[in-house]
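Participant: Sequence:
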Amino acid sequence: MSGIMTSNCSFEEVDHLMRYLELVIYMPIFLLGLLLNVAALLVFCFFLRKWTESTIYMTSLALMDLLLLFPLPFKMHATNHLWPVELQTLCSVLESLYFVGIYGSIYTIMCIAVDRWVAICHPFKAKQLRSPKAARVTCVGVWALVLAVISPTTYRFRQDSDRDFHCFHSFSQKGWSPPLIISLEVFGFLLPALVLIYCSAQTIWALRQSGQRSAQSRACVKIIYSGLSAFLLPFTPSHLGILLQFLVHQGVIQDCGAKTRISLFIQVAMCLSNITCCLDALCYYFIAHEVRSTKHSFRMSVMSQRRATNSTSEV
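In the numbering used here, the protein residues as written are 1 to 315.
Since the hints were derived computationally from the structure, they do not count as laboratory data. One should not assume that every hint holds.
[Claimed, not checked] Quick list of simulated restraints, FRET-style, between CB atoms: (1) Leu232 / Pro152: 22 to 32 Å; (2) Lys125 / Val85: 23 to 33 Å; (3) Tyr20 / Leu240: 18 to 28 Å; (4) Leu190 / Ala134: 50 to 60 Å; (5) Arg261 / Pro84: 40 to 50 Å; (6) Leu31 / Asn80: 35 to 45 Å; (7) Leu190 / Trp51: 44 to 54 Å; (8) Trp51 / Gln250: 45 to 55 Å; (9) Phe124 / Leu17: 49 to 59 Å; (10) Arg136 / Val85: 33 to 43 Å; (11) Ser131 / Leu21: 21 to 31 Å.
[Stated by the list, open to error] Think about it this way: if two alpha-carbon atoms lie no more than 30 Å apart in a straight line, the pair counts; the simulated BS3-like pairs of lysine-lysine are: (12) Lys222 / Lys127; (13) Lys50 / Lys174; (14) Lys133 / Lys50; (15) Lys50 / Lys127; (16) Lys50 / Lys125; (17) Lys50 / Lys222; (18) Lys125 / Lys222.
We treat Cβ as the ideally placed atom computed from N, Cα and C, and that holds for glycine.
Generate coordinates for the entire structure from the input sequences, incorporating the hints supplied.
Facilitator: Given below as structure tokens:
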């Protein structure tokens with residue numbers, strides 16, 4: 001929550017609006033995201049049962065999305081209800097899981113783009129750099145990184161309180177310190193975004209230059225565009241909102257009307273950023289289609305070889 005009064009500027013109307021708006025946004029995202037990500041895990045683990053680099057990354061991404069979705073019901077409850085002091089530890093755990101899910105998704109999407117770039121733009125190096133084992137190690141590294149960085153950070157900057165509080169809304173002024181916000185913006189968004197855009201642009205350019213029009217090539221382009229959508233659409237507005245709110249806390253923006261609009265913008269943007277759980281489903285669909293196509297092509301190739309062998313033996 002933005003707080004009812006801050007420096008003679010009232011945010012009561014914003015807070016009242018967000019109590020209802022969060023429910024309207026979170027409910028469909030939670031239900032649809034849960035359905036899509038559980039279905040994706042079932043498909044990758046039990047139906048396809050082919051652990052390629054892509055399916056490993058997508059399985060990790062689905063788990064990240066579920067980690068992000070898990071705290072949403074608690075977040076919806078905390079918007080309209082005060083939590084007792086005794087639940088501060090639980091609140092810190094839920095906040096950590098939520099932000100681990102967000103930034104784990106960001107880095108996993110980035111890794112998928114890098115993997116595609118290596119496979120298509122550097123095919124000779126890909127034989128050394130790409131393998132299911134390398135994908136597993138990378139995913140474990142992403143999980144370890146976000147857990148090690150996010151969990152203590154979230155706990156450290158939670159505002160201590162000796163009375164009932166709103167979970168997910170009670171961060172201290174230290175949580176808006178320049179080193180923390182600059183690190184968050186640069187390493188949590190700008191750096192992954194630049195890597196994603198560069199790798200995606202290079203990969204699409206390489207595919208178009210090659211003149212390939214195969215189904216696998218078209219599927220690869222769709223995976224790239226869906227990855228860009230799942231990253232840029234949810235996370236660009238939210239990180240822009242964080243930057244603007246940082247400027248408010250630093251006293252750069254002092255106009256009351258601007259503060260009110262920024263408070264509404266960052267809260268709506270943070271709510272909508274959770275839609276990445278649903279947008280990732282586009283990646284899941286195209287990856288599953290790609291794996292099925294590869295398996296079908298392999299079976300057809302084997303059958304053709306067998307027919308050729310039989311024809312030769314008959315001669």
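Participant: Are Lys125 and Lys222 close enough, with their CA atoms no more than 30 Å apart?
Facilitator: holds (24 Å)
Participant: Is it true that the C-beta distance of Phe124 to Leu17 lies inside 49 to 59 Å, as the hint says?
Facilitator: holds (56 Å)
Participant: Compare the distance between the alpha carbons of Lys50 and Lys127 with 30 Å, and conclude whether the hinted pair is satisfied.
Facilitator: holds (18 Å)
Participant: Determine whether the Cβ-Cβ distance between Leu31 and Asn80 falls within the hinted range of 35 to 45 Å.
Facilitator: At 19 Å between Cβs, range violated.
Participant: At the C-beta level, are Lys125 and Val85 separated by a distance inside 23 to 33 Å?
Facilitator: Given about 55 Å between the Cβ atoms, the range is violated.
Participant: So does Ser131 sit 21 to 31 Å from Leu21, Cβ to Cβ?
Facilitator: At 46 Å between Cβs, range violated.
Participant: Evaluate the given range 50 to 60 Å for the C-beta pair formed by Leu190 and Ala134.
Facilitator: violated (26 Å)
Participant: For the pair supplied as a hint, Lys222 and Lys127, is the alpha-carbon distance within the 30 Å limit?
Facilitator: holds (23 Å)
Participant: The hint says 40 to 50 Å between Arg261 and Pro84; measuring C-beta to C-beta, is that right?
Facilitator: violated (33 Å)
Participant: What's the verdict on Lys50 and Lys174, does the C-alpha distance respect the 30 Å limit or exceed it?
Facilitator: violated (47 Å)
Participant: Go ahead and decide if the range 18 to 28 Å is satisfied by the Cβ distance of Tyr20 to Leu240.
Facilitator: holds (24 Å)
Participant: Within 22 to 32 Å: is that where the Cβ-Cβ distance between Leu232 and Pro152 falls?
Facilitator: holds (29 Å)
The structure is inconsistent with the numbered hints 2, 4, 5, 6, 7, 11, 13, although it conforms to all the rest.
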